[in-house]
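Chemist: Sequences listed follow chains Y and Z, in order. All residue numbers for the first sequence refer to our numbering, where the first residue is 2 and numbers rise by one. All residue numbers for the second sequence refer to our numbering, where the first residue is 12 and numbers rise by one.
Derived from the structure by calculation, the hints contain no laboratory data. Just so we're clear, the structure is a prediction, and the values are computed from it rather than from any experiment. Glycine included, every Cβ here is placed at the ideal spot set by N, Cα and C. Be aware that a few hints might be false.
Residues of chain Z placed beyond 10 Å of chain Y at every Cβ, according to the derived structure [stated by the list, open to error]: (1) Gly24; (2) Phe97; (3) Leu122; (4) Ala125; (5) Val142; (6) Phe143; (7) Ala158; (8) Pro159.
Sample of chain Z residues facing chain Y (criterion: CB under 7 Å; computed from the structure) [stated by the list, open to error]: (9) Arg18; (10) Phe20; (11) Ile23; (12) Ser27; (13) Val29; (14) Leu66; (15) Phe81; (16) Val130; (17) Val175; (18) Val183; (19) Met185; (20) Leu186; (21) Val189; (22) Arg190.
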Amino acid sequence: MMNSMIIGKYVPGDSVIHRMDPRAKLLVIFIYVFIVFLANNSATYAILSVFTFSLVVLSRIPLSFVLKGLKPVIWIVAITFLLHVFMTKEGDVLYQIGSFSIYEGGVKQGVFISLRFLLLIMITTLLTLTTTPIEVTDGVESLLGPLKKVHVPVHELALMMSISLRFIPTLMEETEKIIKAQTARGVDFTGGPFSERIKAIVSLLVPLFISSFKRAEELATAMEARGYRGGEGRTKFRQLVWKWTDTAFLAAVLVLAVVLFALRS
Amino acid sequence: MKKLNVRAFVLIGVYSSVSYLLMLLNFPLPPFPNFLLVDFSDVPALIAALLYGPLAGVFVELLKNVLNYFIVGSPTGVPIGHIANFMAGITFILPTYYVYHKTKSKKGMLLGLAAGTAVMALVMSVLNYYVFLPAYTIFLGAPAMSAPETKALIISAILPFNAVKGSMIAIVFMLLFVRLSQWLQKQTAVHHV
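The following block holds chain Y by itself, in its conformation from the complex (with noise of 0.2 Å):
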């Protein structure tokens, strides 16, 4: 519970895709996703589903834990299958049960439908396993670098995030802390009715947000003492480092895209 709350779904490695540099691992899903809306045909759904096994494979994470990113949807995806199996009418009919009938086309929309959805998961929760959302923010932050020209403050949104991911912890204590410390004091959190059960989350949110807000003041003291003035010339504790591997995958992706433009009917 606790460690899935820092660290999301990481799942510790050193293949090809862990070492990857974050931001060609933002490149590429991010391409991804558009161009998965490009296949519609047997043949670039193989080419599709190619790609994105080969990434899992290549990452050497059990393909247990990728499934299991697909659970909590594998029902809609059942229904919205189905949904398509019955209600397409196209091509020859395949199978009559008296006045329902079941078409070729129908089944091909539900089987592409149901693929480009999983794989769309697949690829995004093959991110979370990879990469830790620190670095995540690293590539984010770089990636949005010439956004500073219009003035959106990127440096700002990285370091805030960073305090954020810093403080998830600490404060998951100190909430323990605190539901532990009112429920001797005779607070109900678990039932009650819904008066009692407001009372009860107020009684947890008042001291949580007085003693985050005293920490929150403290670190900002901490860095004004220490000199911080914001991101202009600061230098990293984390560096990033773009490898040929980077340049490899990105162009894989793009190949990708193009042969998929090209097969698409």
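Using the hints provided, position chain Z relative to the given structure of chain Y.
Modeler: Below, chain Z alone, put in the same frame as chain Y:
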């Protein structure tokens, strides 16, 4: 608009993690479909707005959703739910902030929260009709709903749900505000002399 300083940035960061944790403690409301969840993560955003101005509140809403997307992820892979939550958050806190700012009293806050709830419920209904429900159709591949069907879903579920959600947050925030208003005044007095 006040320029945000280091103190504000750090507080926004810390309150975003409070907001993120409160977002994890979400729960469905029995009569509504279970993709509509209530949580109290808008409360820290509203306090941040009262301390350091509306932009601070918007940042807390933004970071809360980005954190949730990075760590928990989205069942659809694409952050549609997160964008919807962000829009709901800012349409709730901004009207509340501006109405309260006019009078700066408990009554003003009550009026503000009512305005926030109303604006949030209305804007979210419109956005769901034109943006979010169609987006779910595109990304989930769910069969497109006809216009009357979408309208029925919004009027029977989304509009009342957001109204109830807004009122629940308003009740909790009002109770909190009564206890915290002196402390809040002291903090703002210290920082904006």
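Chemist: Decide, hint by hint, whether the structure agrees.
Modeler: Status of the hints after comparison with the structure:
With a closest Cβ-Cβ approach of about 3 Å to chain Y, Gly24 of chain Z is found to fall inside the 10 Å limit, against its non-interface label. Every C-beta of chain Y lies more than 10 Å from that of Phe97 of chain Z, the closest at about 14 Å, which supports listing it as non-interface. Every CB of chain Y is more than 10 Å from the CB of Leu122 of chain Z (nearest about 20 Å), matching its label as outside the interface. Non-interface status of Ala125 of chain Z relative to chain Y is upheld: no Cβ of that chain comes within 10 Å, the nearest being about 17 Å off.
At roughly 17 Å from the closest C-beta of chain Y, the C-beta of Val142 of chain Z stays outside 10 Å, upholding its exclusion from the interface. Annotated as non-interface, Phe143 of chain Z keeps its C-beta farther than 10 Å from every C-beta of chain Y; the closest such distance is 16 Å. Against the 10 Å criterion, Ala158 of chain Z stays outside the reach of chain Y, whose nearest CB is about 18 Å from its own CB. Non-interface status of Pro159 of chain Z relative to chain Y is upheld: no Cβ of that chain comes within 10 Å, the nearest being about 18 Å off.
Proximity of Arg18 of chain Z to chain Y holds as hinted, the smallest CB-CB distance being about 4 Å (cut-off 7 Å). Interface hint at Phe20 of chain Z: satisfied, since its Cβ lies 6 Å from the closest Cβ of chain Y, which is below the 7 Å cut-off. The closest approach between the C-beta of Ile23 of chain Z and any C-beta of chain Y is roughly 5 Å, which is under the 7 Å cut-off, so the hint is satisfied. The criterion of a C-beta within 7 Å of any C-beta in chain Y is met by Ser27 of chain Z, whose closest approach is roughly 4 Å, and the hint holds.
A hinted interface residue such as Val29 of chain Z counts as satisfied when its beta carbon comes closer than 7 Å to some beta carbon of chain Y; here the least separation is about 5 Å, so the hint holds. Checking Leu66 of chain Z against chain Y: minimum C-beta separation of about 10 Å lies over 7 Å; hint violated. For Phe81 of chain Z, the shortest C-beta to C-beta distance to chain Y is roughly 4 Å, which falls under 7 Å, so the interface hint holds. A hinted interface residue such as Val130 of chain Z counts as satisfied when its beta carbon comes closer than 7 Å to some beta carbon of chain Y; here the least separation is about 23 Å, so the hint is violated.
For Val175 of chain Z, the shortest C-beta to C-beta distance to chain Y is roughly 12 Å, which exceeds 7 Å, and the interface hint is violated. The restraint placing Val183 of chain Z at the interface with chain Y holds, with a minimum CB-CB distance near 6 Å, inside the 7 Å limit. Annotation: Met185 of chain Z was flagged as interfacial toward chain Y, and the flag is violated, the nearest CB pair being 10 Å apart, outside 7 Å. Annotation: interface hint on Leu186 of chain Z holds; nearest CB of chain Y at approximately 5 Å, less than 7 Å.
For Val189 of chain Z, the interface hint is violated, the least distance from its beta-carbon to any beta-carbon of chain Y being 9 Å, above 7 Å. At its closest, the beta carbon of Arg190 of chain Z sits 5 Å from a beta carbon of chain Y; the interface hint therefore holds under the 7 Å criterion.
Checked against the numbered hints given earlier, the structure breaks hints 1, 14, 16, 17, 19, 21 and satisfies all the rest.
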